[in-house]
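Colleague: Listed below are the residues making up each chain.
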Amino acid sequence: EPEVTQTPSHQVTQMGQEVILRCVPISNHLYFYWYRQILGQKVEFLVSFYNNEISEKSEIFDDQFSVERPDGSNFTLKIRSTKLEDSAMYFCASRTDGGRNSYEQYFGPGTRLTVT
Amino acid sequence: KQEVTQIPAALSVPEGENLVLNCSFTDSAIYNLQWFRQDPGKGLTSLLLIQSSQREQTSGRLNASLDKSSGRSTLYIAASQPGDSATYLCAVKGGGADGLTFGKGTHLIIQP
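Here the protein sequences come in this chain order: A and B. Every letter in the first sequence is one number past the one before it in this note's numbering, and letter 103, counting from 1, is 121. Every letter in the second sequence is one number past the one before it in this note's numbering, and letter 73, counting from 1, is 1316.
It cannot be assumed that every hint is accurate.
Straight-line alpha carbon distances no greater than 20 angstroms define the calculated DMTMM-like cross-link-like pairs of lysine to aspartate or glutamate that follow [what the hints assert, rightly or not]:
1. B:K1285 with A:E77
2. B:K1285 with A:D104
3. A:K101 with A:E36
4. B:K1244 with A:E36
5. B:K1285 with A:E62
6. B:K1285 with A:E19
7. A:K75 with B:E1246
8. B:K1285 with A:E21
9. A:K96 with A:E36
10. B:K1244 with A:E74
11. A:K75 with A:E122
12. B:K1347 with A:E62
13. B:K1244 with B:D1341
14. A:K60 with B:D1270
15. A:K96 with A:D81
16. A:K60 with B:D1341
17. A:K60 with B:E1246
18. A:K60 with B:D1282
19. B:K1244 with A:E77
20. B:K1244 with A:E62
21. A:K101 with A:E62
22. B:K1311 with A:E122
23. B:K1347 with B:D1270
24. A:K75 with A:E62
25. B:K1311 with B:E1246
26. A:K75 with B:D1341
Derived by calculation from the structure, the hints in this document are not laboratory data.
Generate the whole structure from the sequences, applying the supplied hints.
Modeller: This is the structure:
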């Protein structure tokens, strides 16, 4: 069964460094998402991406974040200058367009980001 | 702003019991509601999606209901098993939004 994959599973970085989190969405999906979950807190929406542009972003998704679909399979989240409070699990999700359950989002296993 | 609340926060029951997890949301103008399962340190597995026009969805031992006007959903788990132990998350998609709004989850433990 097709699934969303994410790399790396765990990333440790120093404060102020740039990180890129990578995701490979399900191949026929058209909408892509990033969410984050700080330890012990709710899963929070960051951004959605469709047709090579951001379709929606939350107030968390400020100028230090960016997303890109550099080729036909990858979807990336870049954090330009990491802060301690960026430490969280980052989930990528995707969904198709059309069909009865077209809005069902499928999540990857997550990347645990630790900023020291 | 949409808020999603899940009650109880934690639940521990003996194997074999039927149980109900509750989810409530403040803005009834939702497009759909999705139930997920999250195992410790892992990703989210989609269990059921209910469109706003539907009243319930079933998958195996799971049944989810939706009462959109009152802002409530329940997840019913029949004949619980130790393998059902996980955190169950409820998330709603608003009518004008693409991102999901999540509750904090119900941490479920099924005792063998």
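Colleague: Is the Cα-Cα distance between K1244 of chain B and E74 of chain A 20 angstroms or less?
Modeller: Answer holds: K1244 of chain B to E74 of chain A is near 15 angstroms, not above 20 angstroms.
Colleague: Sort out whether E1246 of chain B lies within 20 angstroms of K1311 of chain B, counting only the CA atoms.
Modeller: holds, 14 angstroms
Colleague: Straight-line Cα separation of K1347 of chain B and D1270 of chain B no greater than 20 angstroms?
Modeller: Holds - the C-alpha atoms of D1270 of chain B and K1347 of chain B are around 17 angstroms apart, at most 20 angstroms.
Colleague: Are the Cα positions of K101 of chain A and E62 of chain A separated by 20 angstroms at most?
Modeller: holds, 17 angstroms
Colleague: Between K1244 of chain B and D1341 of chain B, does the CA-CA distance stay at or below 20 angstroms?
Modeller: With a Cα-Cα distance of about 14 angstroms, the restraint between K1244 of chain B and D1341 of chain B holds, given a limit of 20 angstroms.
Colleague: Hey, K75 of chain A versus E122 of chain A, does the alpha-carbon distance stay inside 20 angstroms?
Modeller: holds, 19 angstroms
Colleague: For a C-alpha distance cap of 20 angstroms, please report whether K75 of chain A and D1341 of chain B respect it.
Modeller: holds, 9 angstroms
Colleague: If you draw a straight line from the CA of K1285 of chain B to the CA of E21 of chain A, is it 20 angstroms or shorter?
Modeller: holds, 14 angstroms
Colleague: Between K1285 of chain B and E19 of chain A, is the straight-line Cα distance small enough, at 20 angstroms or below?
Modeller: Holds, at roughly 18 angstroms.
Colleague: Regarding the pair K1285 of chain B and E62 of chain A, is the alpha-carbon distance no greater than 20 angstroms?
Modeller: holds, 16 angstroms
Colleague: Need the status of pair K60 of chain A, D1282 of chain B: alpha-carbon distance at most 20 angstroms?
Modeller: holds, 14 angstroms
Colleague: Checking one constraint from the list: CA of K1244 of chain B to CA of E62 of chain A, max 20 angstroms. Satisfied?
Modeller: Since the Cα atoms of K1244 of chain B and E62 of chain A sit roughly 13 angstroms apart, the hinted pair holds (cutoff 20 angstroms).
Violated hints, in rising order: 1 and 4; the structure is consistent with all others.
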